[in-house]
Every structure is written in C-alpha cells, then in structure tokens.
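Asker: Please build the complete structure, drawing on both the sequences and the hints.
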Amino acid sequence: MPIDKSIIGKTGKPFTMPIEWSKVREFARAIRDLNPVYFDPELAKKECGGIPVPPTFLQVAAFWMGEDSTPTANFDLRRILHGEQDFEFLKPIFVGDVLTGTSRIADVYEKEGGRGGKMTFMVTEIEYKNQKGEVVAYARGTLVETGQAVGG
Amino acid sequence: MAAKIKYDAVKAGDAIPTVTIDHVSRPDFVRYAGASGDFVPLHYDQTFVEAAGIPTVFAQGMWTAGCLSRCLTDYAGAGQVRRFKVRFARQVWPGDTLTCRGKVTGKSEKHGEKLVEGELEVVNQKGETTVKGNFAVAAA
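If you read the sequences in order, they're chains A and B.
Just so you know, numbering that gives the first Met the number 0 puts the end of the first sequence at 151, numbered straight through with nothing missing.
Just so you know, numbering that gives the first Met the number 0 puts the end of the second sequence at 139, numbered straight through with nothing missing.
Rather than coming from a laboratory, the hints here were simulated on the basis of the structure.
Mixed in with the good hints there might be a few duds.
[What the hints assert, rightly or not] Quick list of simulated restraints, FRET-style, between CB atoms:
# : chain 1 : residue 1 : chain 2 : residue 2 : range
1 : B       : Tyr6      : A       : Tyr108    : 21 to 27 Å
2 : A       : Gly48     : B       : Ser24     : 33 to 39 Å
3 : A       : Ser21     : B       : Pro40     : 33 to 39 Å
4 : A       : Asp3      : B       : Ala8      : 50 to 56 Å
5 : B       : Lys125    : A       : Gly48     : 22 to 28 Å
6 : A       : Lys45     : B       : Ala50     : 47 to 53 Å
7 : A       : Glu19     : B       : Lys109    : 26 to 32 Å
8 : B       : Phe47     : A       : Glu19     : 25 to 31 Å
9 : B       : Phe38     : A       : Thr10     : 20 to 26 Å
[Claimed, not checked] Simulated coverage check for chain A against chain B, where a stretch passes if three residues somewhere in it have a Cβ under 8 Å from a Cβ of chain B:
#  : region
10 : 8-19
11 : 125-131
Fair warning: this is a prediction, and the values are worked out from it, not measured in the lab.
Note that CB positions come from ideal geometry on N, CA and C, so glycine has one too.
Answerer: See below:
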C-alpha cells in the first residue's frame, strides 16, 4: 500500500490521563522496579515531593486514549514494530496530577529495509500538560510496519 | 527531590549502575500488558504469533525499556530523568537474561539546570544488543 503523507499533522482529540498511585505501583512492579518511592507515599513525599512516576510510565496513555485521540495509519498488526521511543520531561509529574495529552502525527516515511522488505515509519508525538496548564512532557514514538512478519 | 549525583564529580566515561534482569518470562509480558495497557497480541498470544510465523511471544519493547530506565532512576534518583530515548534493535525472548548498562558521555546546562548525558544499552546473554538508548538526568 502506498503511504499517505496527508496524515502528517493530524491531531487527535485531547485525552485525560489521571496519574493514579495504583497504576504507578503496578507499572513499577511490572518493570521489576521495587524502588520504595513508588510504594511508600511518606518516603516519596520526603525524598521527591510526591510519588514520582517511572520514566516510561506515560506509555500507560494507551489505556486512556480513545480512537478519536489516536490519529494513525492503517498498519497491519502482525507486521508492526515499535522502532523508537523518546521521552522528554520538562516539569515533575506526581501521583495526583491530571494530565491532558494531545497526540499528533509528526512524520510518515518509507525506507528500504533488509530482511523485512520495504518499511513504513510513523512518528507520533504526544504533548502532556498538567492541571496547571504547564507542558510537563513530550512522548515521541516511532512505529514501523515491516514488509513481513517481525519475529522470523 | 535532591538529585543524587554531583555535577562536578561526574566525568565522561563514568559507568552508571548496571541492572540485571534474570530469566525473562511470559508472566513479565502479561504483567506489563496489564500495567501498561499494551495489548498487542504478539506479546502474549502464542496462537496469534505462530499464525504470523513467529516462534514464540516476545517482550514488549517498552517493557525492556522500562527495565533499562531503572539504571537512570537508580543512578540519578526518581524524578530526575529529563530525557530517555530508546531504539529497539532486537526482540527479547522468554528465557533471556538481560544486562542494562550505560555510561556518561557529557555534561551541559539547560534551562538553568545541570544535566548529565550519556548512552545506554540492554544486552542479552549472547552479548547481542536488544535496546540502545540515550539519556539526560539532572544533577546537583
């Protein structure tokens, strides 16, 4: 399928992402991170000013983004690879914050791959603002659709 | 939070603490799917992956990236990470043992904050790189 460059710049409907302690500690455990600041609110307050979030926690946005918040290309699920992920943090994020994320397709391009044949890349950028309207983070993800199944 | 690292004491080439992930297993992927909401079936549905010509389920790249991020929070303190960028080079399979490591490549100041920058990688038990990364963390 030829790539559709017209989707570049397409922006999703803003979505709300409450930063909840239960999800933060579940996430920390899932990445085998038993750092007590994720599990002990008093210690976290003393050491960090609140319960912080692991650097990759914003990936949980997948839970909160409806389809209309997720501008996307029509990729084949069996051939998708997550190529790159880039997080930039401008302000602290704590449990109790309510973030608003807005997703935008930053780029779409094709490259000749090796074993995988022709590959299509889509770069999505999500801007996160906190309840005070401050931009706290950017999450930029690159998805790759390979020419054939990804694990062979 | 007080930054754990002292800007003046850090120099290019310094190693950051290594994190070892022993015996990667399917429950890691399932637990991560639940925690993250990443329900791409490649990571837990054996029937689906076999139909796609892949021998077994494999880790979510972001699970491995999350394990790697522990190097930074152990080194600089939780809440001190300013940039964390990863590139996925190779799948992580059940049974793998991963070594997450990195080193400092430089220092800079941005928005009035002292930053330590560097590179990261995750290697498997065969010495193959599965994830490569770059970071910036705040220092005191």
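Asker: If a hint holds in the structure, say so; if it doesn't, say that too.
Answerer: Going through the hints against the structure:
For the hinted restraint 21 to 27 Å between Tyr6 of chain B and Tyr108 of chain A, the CB-CB distance of approximately 38 Å leaves it violated. Between Gly48 of chain A and Ser24 of chain B the CB atoms are about 35 Å apart, so this pair conforms to the stated range of 33 to 39 Å. For the hinted restraint 33 to 39 Å between Ser21 of chain A and Pro40 of chain B, the CB-CB distance of approximately 25 Å leaves it violated. Distance hint for Asp3 of chain A and Ala8 of chain B: a CB-CB separation of about 51 Å, consistent with the stated range 50 to 56 Å.
In this structure the hint that Lys125 of chain B and Gly48 of chain A lie 22 to 28 Å apart at CB is violated, the actual value being about 42 Å. Restraint check, Lys45 of chain A to Ala50 of chain B: a C-beta distance of roughly 51 Å satisfies the suggested window 47 to 53 Å. The hint said 26 to 32 Å for the Cβ distance between Glu19 of chain A and Lys109 of chain B, and at roughly 30 Å that hint holds. Checked against the hint of 25 to 31 Å, the pair Phe47 of chain B and Glu19 of chain A passes, with Cβ atoms roughly 30 Å apart.
Look at Phe38 of chain B against Thr10 of chain A: about 24 Å separates their beta carbons, and that is inside 20 to 26 Å. Coverage of a stretch by a chain is defined here by at least three residues with a beta carbon nearer than 8 Å to that chain's beta carbons; for the region 8-19 of chain A and chain B the count is 0, and the condition is violated. Check result for the region 125-131 of chain A against chain B: violated, 0 residues qualifying (beta carbon to beta carbon below 8 Å, three or more required).
Checked against the numbered hints given earlier, the structure breaks hints 1, 3, 5, 10, 11 and satisfies all the rest.
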